[in-house]
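Engineer: What follows is the residue order along each chain.
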Amino acid sequence: MNALFRLVTNEVGIIRDSFDTISSLVSEGTFHISKDGVKLVAIDPSNVAMVIFNLFSIAFSEYEVKEETPITVNIEQLVKVLKRAKASDQIVFQLDESKSRLMIQMLGTVKRYFSIPLIGTVESETKVPEFDRKFTTKIELDAEILEDSIKDAEMISDSLTFEATKDKFVLYASGDSSEVRTELTRDSPSLISLDVSESSRAKYSIEYLSKAIKAAKIADTLIIQFKTDFPIRLDFKAVDKLQISFIIAPRVD
Amino acid sequence: MNALFRLVTNEVGIIRDSFDTISSLVSEGTFHISKDGVKLVAIDPSNVAMVIFNLFSIAFSEYEVKEETPITVNIEQLVKVLKRAKASDQIVFQLDESKSRLMIQMLGTVKRYFSIPLIGTVESETKVPEFDRKFTTKIELDAEILEDSIKDAEMISDSLTFEATKDKFVLYASGDSSEVRTELTRDSPSLISLDVSESSRAKYSIEYLSKAIKAAKIADTLIIQFKTDFPIRLDFKAVDKLQISFIIAPRVD
Amino acid sequence: MNALFRLVTNEVGIIRDSFDTISSLVSEGTFHISKDGVKLVAIDPSNVAMVIFNLFSIAFSEYEVKEETPITVNIEQLVKVLKRAKASDQIVFQLDESKSRLMIQMLGTVKRYFSIPLIGTVESETKVPEFDRKFTTKIELDAEILEDSIKDAEMISDSLTFEATKDKFVLYASGDSSEVRTELTRDSPSLISLDVSESSRAKYSIEYLSKAIKAAKIADTLIIQFKTDFPIRLDFKAVDKLQISFIIAPRVD
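Protein chains in written order, with our numbering: chain A, 1 to 253; chain B, 1 to 253; chain C, 1 to 253.
With the rest of the complex left out, here is chain A (with noise of 0.2 Å):
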């Protein structure tokens, strides 16, 4: 066949747990396929989470790209055919230009052929706005704590508060009368690091972390940056494979 490009990989699991988190966002995406790796940046209907995500070409045990390659397709139903591989299938994706389709093989004890349609691009290059160094706090910590925290919050509420001390890390929520609070202080085993340069808080809409945190299944550790009153980022990496990062807006009152 002559594709535009093959790339095999194994790691069954972490590539269809990300693709999940993106469908969670966006339905539709484009693609980038180039020789460093499979790229999308997207930003959902309502405008308020954007995603980027990074899927290296580390992440795969045969990588040919012929040309740069923009692909777009139907993101949840290629979830849908990638919630059908076996954890130790090997996966193919492949693509057929003459036929306008993304084919995907699974290659275990059985040959299985899947192949979904293209959808023409429309949209123009999504670019990722350069916030790193207008961030005033800076968190390392288990994903797992802010996991808990959003599901704590969303018994009350719709928002959650991300407050930084140089000392301290809070995350709240109150709705009704009710209230709820996760508080990491430095010697908390679960805060890997803590850098504020300013005091922040700000308020992140729960349906929109709620859909990032889903990534937290592709990582162990999430970074977190954010600033009073300003987008929030958080930065989830599966080592040497793949990134994904999610920026929301943040909400005033």
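A few of these clues could be false.
Listed below are the simulated PhoX-like cross-link pairs for lysine-lysine, each with C-alpha atoms no more than 20 Å apart in a straight line [unchecked claim]:
{"no.": "1", "chain 1": "C", "residue 1": "K80", "chain 2": "B", "residue 2": "K151"}
{"no.": "2", "chain 1": "C", "residue 1": "K86", "chain 2": "B", "residue 2": "K217"}
{"no.": "3", "chain 1": "B", "residue 1": "K111", "chain 2": "A", "residue 2": "K168"}
{"no.": "4", "chain 1": "B", "residue 1": "K217", "chain 2": "A", "residue 2": "K151"}
{"no.": "5", "chain 1": "B", "residue 1": "K151", "chain 2": "C", "residue 2": "K86"}
{"no.": "6", "chain 1": "A", "residue 1": "K86", "chain 2": "C", "residue 2": "K151"}
{"no.": "7", "chain 1": "A", "residue 1": "K80", "chain 2": "C", "residue 2": "K151"}
{"no.": "8", "chain 1": "A", "residue 1": "K111", "chain 2": "C", "residue 2": "K151"}
{"no.": "9", "chain 1": "C", "residue 1": "K151", "chain 2": "A", "residue 2": "K83"}
{"no.": "10", "chain 1": "C", "residue 1": "K111", "chain 2": "B", "residue 2": "K151"}
{"no.": "11", "chain 1": "A", "residue 1": "K151", "chain 2": "B", "residue 2": "K86"}
Calculated directly from the structure, the hints in this document are not laboratory data.
Bear in mind the structure is a predicted one, so any value in this text is a computation, not a measurement.
With chain A's structure known, arrange chains B and C on it following the hints.
Structural biologist: The following block gives chains B and C in isolation, referenced to the frame of chain A:
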């Protein structure tokens, strides 16, 4: 904090499960917190069943009560919070009178704080009827047996009949033309004791029995007391820690 | 009890699972209980699929049949009762003719008795068509392969095409512009045998295949027989104990 009470426990499981059982019968309730323990007596809105809950002070690792305090809360809300505890957490219940809220701390590798509002107590105190000498049958058995009989019976009926003679305890239900029947004789290993002063038969609502039997999670054995066309009393005990009892009105045709 | 038959078994799992499979196709059915075993042949209400069920007498530890007896029951009701059995129970089926009910005892540490009504038999006996010599393809394979192909295909289509040539067995489906395809060659370890007297291709309803494949629970391997634009026959055998077969009509465009 100038708290009216401060109760500390590691018994996450049985506290969560017993409150969960109560919440299936009553959505709001008044807990009486005294030197001896935490007590609640409540009647379900349709007046068919009474729940009597006693959590002994010995179930707590720290138990400080300044003065006997009644607190009324939404039990469903309390259960939602307790379900967020991890099995290894230490839970602290505290009443900060000035705030008119029940404070719940979950202390594990992370400190989490929850608070729920108190509800103005309007109810007069509910008295437990003194039925004990009136019952003609007293049975101790594996709680699982009643649990299975209830599930068997609910396939075909909305009531379950209890029948005891000197030598036999029978549970049965019939509906359309299907029938379900469980028989326990004195030699059944699941029947611990059977005291029958007078042959008894009575029928109770499966809806209420199903709610009560959730307490089987906290107790292995169960004491059943009843009498012909008279209420039934079910006692579930987790030794030294707590007791949950239910009194359910009979159905008379 | 003067019972017309009395069948005792410890095979709780396969009996429950096989009756459950039947119930997805037919809600009522007539079982013929003879010296050899329990047999049922039934056609689903829309006339697309036939199920042929044989439970051999050897699957029972006691098997007494006074005279050949047809009994018609609501199979969904029977399955509901069987799902109440514990894996370690001994199950006794008995017909007390005078009562016109099927009696089912579950004997474990507790004795439980169930009875369900017989339904008046109105149907004439259903004959199994003698297709065996007409099929042009006979395949034995791991039942799991067909199970996976059905699940793959149901993402995108409501039919699955079976295609066999001398050296290859292919299952495929297409919908909108997505495609799914499973290929098995003679060297696939999951393909036990492949006998093709004539290349064959036919398409069957995924709805009915899905119902039939539930029988994979009771059998590891599966025999498939079909012919171009002709019915398919699927045979699931649990050695010595029972066989469930399905005949499903083809879809012709």
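Engineer: Output the indices of the hints that this structure fails to meet, ascending.
Structural biologist: Hint 4 contradicted; others consistent.
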